[in-house]
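Colleague: Below, each chain spelled out in residue letters.
There are 2 protein chains.
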Amino acid sequence: MVAVAESMSGEQVRALCRTSAFTEPTSGAARGYVQCNIVILPADIAKSFEEFCRLNPKPCPLLATSPTPGDPSLPALGTNIDIRYDIPRYRIWQKGALAEHRLHIAELWRDDFVAFALGCSFSFEEALLNAGIEVRNISEGVNVPMFRTNLDCTPAGIFTAKMVVSMRPMPPAQAIEAIQICSRYPSVHGAPIHFGDASQLGIEDLSQPDFGDPVSLNEDDVPVFWACGVTPQVALENAQPALAMTHEPGHMLVTDLKNVDLAEDR
Amino acid sequence: MVAVAESMSGEQVRALCRTSAFTEPTSGAARGYVQCNIVILPADIAKSFEEFCRLNPKPCPLLATSPTPGDPSLPALGTNIDIRYDIPRYRIWQKGALAEHRLHIAELWRDDFVAFALGCSFSFEEALLNAGIEVRNISEGVNVPMFRTNLDCTPAGIFTAKMVVSMRPMPPAQAIEAIQICSRYPSVHGAPIHFGDASQLGIEDLSQPDFGDPVSLNEDDVPVFWACGVTPQVALENAQPALAMTHEPGHMLVTDLKNVDLAEDR
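Residue numbers (numbering that gives the first Met the number 0), protein chains in the order written: chain A, 0 to 265; chain B, 0 to 265.
Treat the hints with caution; some may be incorrect.
Copies of the same chain look alike in the list, so a pair counts if it fits in one copy or across any two.
[To be verified] Here are the computed lysine to any residue pairs in the SDA-like style, where the Cα-Cα straight-line distance is at most 25 angstroms:
#1 Lys-46 to Val-259
#2 Lys-46 to Pro-170
#3 Lys-46 to Pro-240
#4 Lys-161 to Asp-219
#5 Lys-94 to Arg-17
#6 Lys-57 to Leu-128
#7 Lys-257 to Glu-10
#8 Lys-94 to Ala-75
#9 Lys-57 to Asp-219
#10 Lys-161 to Glu-139
#11 Lys-161 to Gln-173
#12 Lys-257 to Glu-236
#13 Lys-161 to Pro-74
#14 Lys-57 to Val-221
#15 Lys-161 to Glu-176
#16 Lys-161 to Ala-172
#17 Lys-161 to Glu-218
#18 Lys-94 to Glu-203
#19 Lys-57 to Pro-170
#20 Lys-257 to Arg-109
In case anyone wonders, no lab produced these hints; they're calculated from the structure.
In isolation and in its complexed conformation, chain A is listed as follows (with noise of 0.2 angstroms):
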């Protein structure tokens, strides 16, 4: 494995990613640059999934799609990507379940392939540190804990799923600045949807996270929760397509966009 530099640029990154010299998740990778969720679909049900995705733009903020499918690059994400190679590790779904891993997707494409790029938490993430805000999951260097949710998408087509979130503690006086800072990101999540109190959400125990690892709460604080990148695999549980292919979580795509740049002016 080669480490890779949080001073590389996404297209370094992603050099590694295409001869898989670099396999491992993305997080601290190429800091400054976007990082993306993939979703890759047949063009039969793309056109839906697009569709849900721009009726659930927090859970599912859509920043670019394949020129034409079967076209592999993404030209609005940055220069010379390959999709089928450019990300470090691949998941390969069957009827909406998770059928198997691979590095690469290049003997598994087809020319009715849609990729789909999604914004990604680590660019807000960086934009709260960067304001002297403590990220929880990463100060205990722990995958954020994210939750299954009561709260409906609206569904397109075969697309269907209950809202996943991720939750980070902090202090009421830095959740405020969180959702002044985040408001400016409508491409990567936005703002938080609720705060406080989670079973108005449905969630039972903030110690036993759906997906990644719990994180500790302190006296002062209060869990802050926000619509997750999760959901759209949910979707795809639910809706079982033949094929389906996402990144593995947090082995995102790294693109030449900086996160700087995905700041609406206050």
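Fit chain B to the given chain A structure using the hints.
Modeller: Here is chain B on its own, set in the frame of chain A:
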């Protein structure tokens, strides 16, 4: 008493105040126009008070001051304002204690008086209502509940104060939206400073406000706390200047500015 229509302009309301044809609270009058808290001080301590406002912009958002000591106009806020007459009711303070109520202060006016106009929560309450957010004190027809906190303002000269906050209960999702909206209005107290556990501010009982009236909290509500324009009156109580004048609470200066013009662009 003359009814002060919602549809009047700021200048029309002031014209009625000038002759004491209108002496009631200004809430609901001249909808859309900015209303201000007023503090009038002798020039020798005005500089310190201005500094106090500059250092504590959330409780004391300074919108305008007299052009020169003794000048009763406030041209930054409207044409033809005469601060000696244009508020429905005044309070006269001596050595930090409320000494007298008046309908105008022309006989007391001196060449060394400086008027300070501070932003008021009416402006952001209008923005919240326009966004479909229930403002509990308005729907229950009472004065907003206000509480003394354990938060120290930054002192300036003789002026010191624990911050006073106003409290509006709402469900978390609306609180997030309220934070987003109020962040755009820094000149009228801006974003809330706290939500949730009142004891973190040193508040013991939300049903016993120090100023104003209690309001109902529904089951899914969290209390949301904003820095409050009563804070400068606490600073006056502490500083005990020989003479000071303020508006009677709720009886504000109605200006020619529009609330929408206070909004910072997103």
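Colleague: Each of the hints needs a verdict: does it hold here or not?
Modeller: These are the hints, each one checked on the structure:
In the homo-oligomer, the alpha carbons of Lys-46 and Val-259 never lie at most 25 angstroms apart, since the shortest distance is 30 angstroms inside one protomer and 40 angstroms across protomers. Taking CA atoms no more than 25 angstroms apart as the test, Lys-46 paired with Pro-170 passes in neither setting, with 41 angstroms inside one copy and 35 angstroms between copies. Taking identical chains as interchangeable, the C-alpha atoms of Lys-46 and Pro-240 lie at most 25 angstroms apart only when both belong to the same chain, with a minimum of 13 angstroms there against 71 angstroms between chains. In this assembly of identical chains, Lys-161 and Asp-219 lie within 25 angstroms of each other by CA distance solely across copies; the values are 21 angstroms between and 29 angstroms within a copy.
Neither within a single protomer nor between protomers do Lys-94 and Arg-17 lie at most 25 angstroms apart by alpha-carbon distance, with minima of 28 angstroms and 76 angstroms respectively. With identical chains, the CA atoms of Lys-57 and Leu-128 are at most 25 angstroms apart both within one copy (21 angstroms) and between copies (24 angstroms). Taking the closest pair of Cα atoms, Lys-257 and Glu-10 come within 25 angstroms of each other only inside a single copy of the chain (12 angstroms); across copies the shortest separation is 49 angstroms, beyond that limit. In the homo-oligomer, the alpha carbons of Lys-94 and Ala-75 never lie at most 25 angstroms apart, since the shortest distance is 30 angstroms inside one protomer and 67 angstroms across protomers.
Taking the closest pair of Cα atoms, Lys-57 and Asp-219 come within 25 angstroms of each other only across two copies (22 angstroms); inside a single copy the shortest separation is 27 angstroms, beyond that limit. Proximity of Lys-161 to Glu-139 under the C-alpha cut-off of 25 angstroms is found in neither arrangement, the shortest distances being 28 angstroms within a copy and 36 angstroms between copies. Taking the shortest Cα distances, Lys-161 and Gln-173 sit within 25 angstroms of each other only across copies (21 angstroms), while inside one copy they are farther apart (28 angstroms). In the homo-oligomer, the alpha carbons of Lys-257 and Glu-236 never lie at most 25 angstroms apart, since the shortest distance is 31 angstroms inside one protomer and 51 angstroms across protomers.
For the homomeric pair Lys-161 and Pro-74, neither the shortest alpha-carbon distance inside one copy (32 angstroms) nor that between copies (55 angstroms) is at most 25 angstroms. Proximity of Lys-57 to Val-221 under the C-alpha cut-off of 25 angstroms is found in both arrangements, the shortest distances being 21 angstroms within a copy and 23 angstroms between copies. Taking the shortest alpha-carbon separations for Lys-161 and Glu-176, only the inter-copy value of 22 angstroms comes in at or below 25 angstroms, while the best intra-copy value is 27 angstroms. Taking the closest pair of Cα atoms, Lys-161 and Ala-172 come within 25 angstroms of each other only across two copies (17 angstroms); inside a single copy the shortest separation is 29 angstroms, beyond that limit.
Taking the shortest Cα distances, Lys-161 and Glu-218 sit within 25 angstroms of each other only across copies (24 angstroms), while inside one copy they are farther apart (30 angstroms). Proximity of Lys-94 and Glu-203 under a CA criterion of 25 angstroms is satisfied in neither setting, with 29 angstroms inside one chain copy and 56 angstroms between copies. Taking the closest pair of Cα atoms, Lys-57 and Pro-170 come within 25 angstroms of each other both inside a single copy (23 angstroms) and across two copies (19 angstroms). Taking identical chains as interchangeable, the C-alpha atoms of Lys-257 and Arg-109 are never at most 25 angstroms apart, the minima being 30 angstroms within one chain and 59 angstroms between chains.
The structure fails to meet hints 1, 2, 5, 8, 10, 12, 13, 18, 20 from the earlier list, while all remaining hints are met.
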